[in-house]
Amino acid sequence: MLDALGDPTRRAILDTLRRQGPSSVAVLADRVPVSRPAISQHLKVLGLAGLVDHEPQGTRNIYRIDRSGLAEVRDWLDQFWGDALDAFAEHVRRIEGTTETEGTRSTEDRGTRSTEDGGTRSTEDGGGRSTRESEEGR
Amino acid sequence: MSINQEIAPLVKTVVVPASPERAFELFTAEMAAWWPLVTHSVGLEKATDVRLEGAVGGRIVEYDKDGPTCYWGTVSDWDPPQTVSFTWHPGNDPKQAGHVTVTFRPVDEGTEVVLTHRGWERRPDGVQARAGYDSGWDYVLDFYVTSTG
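Just so you know, the sequences run in chain order S and Z. Residue numbers are given in my numbering: position 53 of the first sequence equals residue 53, and the series is strictly consecutive. Residue numbers are given in my numbering: position 51 of the second sequence equals residue 51, and the series is strictly consecutive.
Misleading hints may appear alongside valid ones.
As the list claims (entries may be wrong) - Derived coverage of chain Z by chain S (criterion: at least 3 residues anywhere in the stretch with Cβ under 8 Å from a Cβ of chain S; other residues may be distant):
{"hint": "1", "segment": "20-29"}
{"hint": "2", "segment": "35-49"}
{"hint": "3", "segment": "109-118"}
As the list claims (entries may be wrong) - For each label pair, taking beta carbons as the anchor points, the in silico distance ranges come out as:
{"hint": "4", "chain 1": "Z", "residue 1": "ALA55", "chain 2": "S", "residue 2": "ARG64", "range": "38 to 46 Å"}
{"hint": "5", "chain 1": "S", "residue 1": "GLU55", "chain 2": "Z", "residue 2": "PRO80", "range": "53 to 61 Å"}
{"hint": "6", "chain 1": "Z", "residue 1": "ALA33", "chain 2": "S", "residue 2": "ARG31", "range": "35 to 43 Å"}
{"hint": "7", "chain 1": "Z", "residue 1": "VAL38", "chain 2": "S", "residue 2": "THR59", "range": "19 to 27 Å"}
{"hint": "8", "chain 1": "Z", "residue 1": "LYS46", "chain 2": "S", "residue 2": "PRO56", "range": "35 to 43 Å"}
To be verified - Non-contacting residues of chain S with respect to chain Z, defined by C-beta distances greater than 12 Å in every case (computed):
{"hint": "9", "residue": "PRO8"}
{"hint": "10", "residue": "SER23"}
{"hint": "11", "residue": "ALA38"}
{"hint": "12", "residue": "GLN41"}
{"hint": "13", "residue": "ASP53"}
{"hint": "14", "residue": "GLN79"}
{"hint": "15", "residue": "GLY82"}
{"hint": "16", "residue": "LEU85"}
{"hint": "17", "residue": "HIS91"}
{"hint": "18", "residue": "VAL92"}
{"hint": "19", "residue": "ILE95"}
The set of hints was computed from the structure by calculation and includes no laboratory data. Note that the structure is predicted; figures quoted are calculated from it, not measured. Where a beta carbon is used, it is the ideal one built from N, C-alpha and C, also for glycine.
Construct all of the structure, not just a fragment, from the sequences and the given hints.
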């Protein structure tokens, strides 16, 4: 999935399919600046990733977004932030690894704030925001 | 319309061996040192830098070798070393942004960092969105809405 979405041309193809609806290779080649054989090759990768489906229409295939790939896409998103945070943690370990005993609470004088925070944040976010947003949505 | 506020936020947690002050600083001011730009950016391999401007109203800016290329979001809450929040719309219309909150809490091992990505429902047109999206992220985020809505 990461691989399928990681290529700019493939993302351009997906975006085109989203905007234009189902399209032939010829139509895609008009919109995406690569050759038809290259388009076909990218469509194959997208098909294997479950992101694009096709059906024959006359002598050509019509390609469209395949929504059955959604579960994988959701996992991908989950992985997106997971990867980012892992990279962050790894970086901190590298930078701070040798001095990890230092500083955890030395400069934090306002100890009460964190407790206060931890207690209230979840309710604030959960209740307040959704009300506000449902009003915005009208 | 069928996309509502019930959509579950995405929550990720990690514990890092540093004080909240240091963890916050590394996460924000030194974002470019750890953010996996090659896979997690609009420009991918062309992206050279990302900077988070540390103040309410500050932007998260992606750069390539020629300069700034796009904004990923705008800081909406800046409360070091405990919380930073920002809108999240890499390559997309800010009006349809998601919202990310990152909190830093001292624990025995250092700092617990909790990232919450919510606000999918803010998109006014939800699943039917067809306006000009240029990045794979928008594609992914849009489909995330579809799949959870």
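Practice item. Tell me, in ascending order, the numbers of any earlier hints that this structure violates. Key: 7, 9, 14, 15, 16, 17, 18, 19
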